[in-house]
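Trainee: Residues per chain, in single letters:
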Amino acid sequence: MTSLLDVKDLEVSFKTYGGEVKAVRGVDFHINQGEVLAIVGESGCGKSVTAQTIMGLLPKKVSMIKGGNVTFQGEEILGLPKKKMQKIKGSKIGLISQDPMTSLNPTMKIGSQIAETIKKHTDLPKYQIKNRTIELLGLVGIPNPEKRYSQYPHELSGGMRQRVLIAMALSCEPQLIIADEPTTALDVTIQAQILDLLKDLQQRLNTSILIITHDLGVVAEIAQRVSVMYAGKVIESGTVEEIFDNPKHPYTWGLLNSIPKYTNGEKERLVPIEGSPPDLFAPPAGCPFAPRCEYAMEICIGEMPDAKQISESHHAKCWLNDPRAPIVEGLVAAGRNE
Amino acid sequence: MYIIKRLFTMLVTIWVITTLTFIIMHSIPGDPFASDADVLPEEVLENMRAKFNLDEPMPVQYALYLKNLATLDLGPSIQSKTRDVNTLIADGFPASALLGIQSLVIALVFGLILGIIAALNRNGIIDYAAMAFAIIGISIPSFILAPLLIKYFAVDWGLLPVASWGTWLHTVLPSVALATAPLAIVARFMRSSMLEVMNQNYIKTADAKGLSTTGIVIKHGIRNALIPVISFIGPLAAFLLTGTFVIEKIFAIPGIGKYFVDSIFNRDYPVILGTTIFFSAILIITLFLVDISYRIVDPRIKLSSKGD
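Keeping their order, the protein sequence lines are chains A and B. FYI, in the numbering used here the residues of the first sequence are 176 to 513. FYI, in the numbering used here the residues of the second sequence are 64 to 371.
No wet-lab data here; the hints were simulated from the structure. Since the model is a prediction, treat every value here as computed from it, not as a measurement. Among these hints, one or two may not hold up.
Straight-line Cα separation of at most 25 Å, DSS-like style, residue types lysine-lysine; simulated pairs [what the hints assert, rightly or not]: (1) B:LYS282 / A:LYS301; (2) B:LYS114 / B:LYS144; (3) A:LYS294 / B:LYS282; (4) B:LYS282 / A:LYS235.
Isolated chain B, as found in the complex (with noise of 0.2 Å):
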């Protein structure tokens, strides 16, 4: 019952996302054909519009939208002729999700670690060691850690490929830029959760029963300080999908965010539109797997439509 309720708000928040798209999209000013409309003829124009469904009313045109997207079409592109938005999408995706889920587990993994290393070290050299590298993490934006990536391990030592995509070395300097920021900032939150959970009343019950301080950090400390860190993970996993728009960019990785920019410059009405959406439904998913898994880790949280 729970599910079915959320699958249909998951349903009604894309169908809000798309209408507020297409109101913001069509009041930027230009249409597709801005550029060109010096050099054509105002009858070709007249035309390419008539193609899109572009001379028809506004309602109209986000009716004929909302009919194709029911069917999951999410129509033409108008600046590639030969390719529509779901291949797009479909050409460019495996490439963005590979990286993105590459980085979210480097991220997880080693955030998760080297946060509950520190916060059972608290004060310590290692301590001050994780959290200094942290806040150079948080503070070194992708773009900048990205050139110096490739400098030295691509082009000053040679170990790994410089750029675009091919086999899966050529993913792990782009997976490594993307994943350090999101990385620093789950160490931190994990740090902190951890600090106040052996603080807890129940971490000295089992330190009375005798058990061994590995044991009372695994069975007791960690899966407690994960709670918090959780609800963490579904704004993560947008910062990554987001994130690699740059790093598509500066590794020259055909993936889904080149097309998602250029179409914002080029009015690209059916490929901006297809490409928010899309990426909504991703993130609209793991949010939805989020609440899910804070079920397992959490006995507590039911899984209920009351209260929402």
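Excised from the complex, chain A in its bound form (with noise of 0.2 Å):
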């Protein structure tokens, strides 16, 4: 069976002043139909970068797309032409971006913003497209859709405009969503709502989601399968149980661990991951974890390691995997109990 989406080696630059920073430095994952997958790393680690470059958002004079495949459907979308990437953007990729605050166009109304992508890729007459805008804006659990239909952005809260944008996204039925930190600007309370729609429609309409997030939290909540992104690669990949009881990589092993735990009804101290990324201006030859990794060998400094499988849909990124190396898992049982 192909996948949905298939990500192969893209590597991304973009020219500053200072140089050129390498932000993707050869990333691949895939995404089957009806699947969640959740890519998951720090600030800066190139996950956004990512998620721009298959949606073709990136500022065209500043960013090069270095090398790498993207195919959707079977068809290679990286460097497509604009006319034909049109004809995908909106209607079969949806864009669920990060800030709802400022990602819906002020001036305009609401129901006409989530409109204009019915018109601009279906033949629907206009009462019908308005009909179809309302129906999504209740299927997304907006009260009231008739009157909010002509409401502008400043007239709604941030997780009704979350909500907006999730219609839009959904209105011409996509077959995959990528959600860009879709829950990172709303109040605690709000991100379960958020989160549960999300699961909710996906199951209904049997959408493959893309979740971009540094939350692992919703990690767990809403995707079948993980890959840990760090300093522009893919260091960890599997499905969430995998990732979560038996992660393969220190990286992993620190982001668990940085997560607030309740055991015996104690408050643990959290665990920090020491260091900051490396700089990818000039990034390493070798492992770029491994000056903040407590297991570091020699080889780390030089090598970056393949993926060593741990399973048939297990893959990490760590030279601890390797059978000649050292057992330390032992030490770290990251994540579950300690």
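Two independent chains are provided; combine them into the complex using the hints.
Mentor: Dropping the structure here:
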């Protein structure tokens, strides 16, 4: 079975006055029909750039796609002519963007903002577009959709605006939705509502979702598979169970250790990952995490490991998984119990 | 409710301007008959002063003026024996207004288009050309541009009339001369506003919907970019109204500017007051219209009396 979206060896750089920033350095992942994949990583690891590259939203003047392939429904979409890409954007791939407060046009009614996507990609008559828009507003749980249709973004709360953006992304029933930090800008109770909504819609419509987040709580809530990114590379990927229960990369251990936990009713101190990510102007030759890794060996500095297969669906790029490496896993029962 | 409150504020503003002008005007040394004082006998001067109520104490003159103003009577002109101030304005204003409005339209239409094109071709040749033109346009004063336009378009190439007022063709050169500087300012303003808007997240949202670039610029870009530019239209209108004085002089246009300038030299008190009040009223009305158009462009702004 071929996957819906297949990203292979994607490399993206930005031109800056200081030189070339290698934001994405060989990213691989795929999403199957009806599946939810989460890309996790800290700020600046290249996860949003990856999403924007897929959507063709990178500013052309400063960005360079250095290599790789993005195949959507068996068709290469990287470097597709603008007109052809416009047919895919909004109709086959929908985007839910990061910041609901600034992602809606402040001078346009929200109904029209949703309707214009439908108008662009279908031949429906005007009144049907309007009906469909109102139906969508209801679908994403906006009360009073007829009235909301002709309101402006400033008349809606942040959570409502995020619902509008979701309705917009869903409007043409896309096969894939890319959700770039969909809950980051919202407060916690609204976050939970939005995640429930996404999960519910995903199951009802059998859409695939690529969700980008730095929040492992979000991952556990919604995703089936996870790719962990660090310094422009996917360093570990697997099913949610594999990543949470049997992580095989010290960075993933670190991430899991930095989630607040309650054990025996007592609050534990968070364990931060010391140090900061490498300079992407001159990324290291070896494993980018090596300088921060307490298990780093000599080889880690000099050479980036290939993906080691742990199980059919679980891969990790870490020398510790090499048969010759010392066994350290007993020391870190990461994220589970301690 | 907002409009009523606003109209009241406008009236108060006019009254303040009238009072200030009245005080400042009378504190200038000399009076309307100062130049005649050497040749005319004292009795004649007395009589003339009495005719225009200039012999009354200052507060009485002020009260009399306000009383007339309330009936929209701007009083007689001291210099022109045959026409009162209302007639002067009625005679001169149509030409000035046509000139001003025509320049405003030229400045806005071409300025906005130039700014948008420059922004969309940021750091390209068109952008540099447009901004070079804008800098030249801002730097060259209209009283230098006007003679140059006359020399080339009227004298050397004979395309348009040199000066004076008559057919519509007569209005072309003065309108262009007057519009150039504001056009350049509008273009620069619109360019920076447009650049800012095109970097906003909602433009990215529009792009992600698969809209065409033209669609994004027209539906999502321009309207938002206009908001800061609108605030500039009020001062721009003021600039065009006062700017007409120079242009009217150069092109020998029978507009209102001539009377305004002459009246100051002649201490023609009613004309000074009348034209000042008239210009202020126009400006205040323009600003009011600008505020209303804000509401049309930006739905976030509500016309309310709160926060005034």
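Trainee: Each hint: holds or not?
Mentor: Right, here's what the structure says about each hint:
no.	hint	result
1	B:LYS282 / A:LYS301	18 Å, holds
2	B:LYS114 / B:LYS144	12 Å, holds
3	A:LYS294 / B:LYS282	14 Å, holds
4	B:LYS282 / A:LYS235	21 Å, holds
Violated hints: none; the structure is consistent with every hint.
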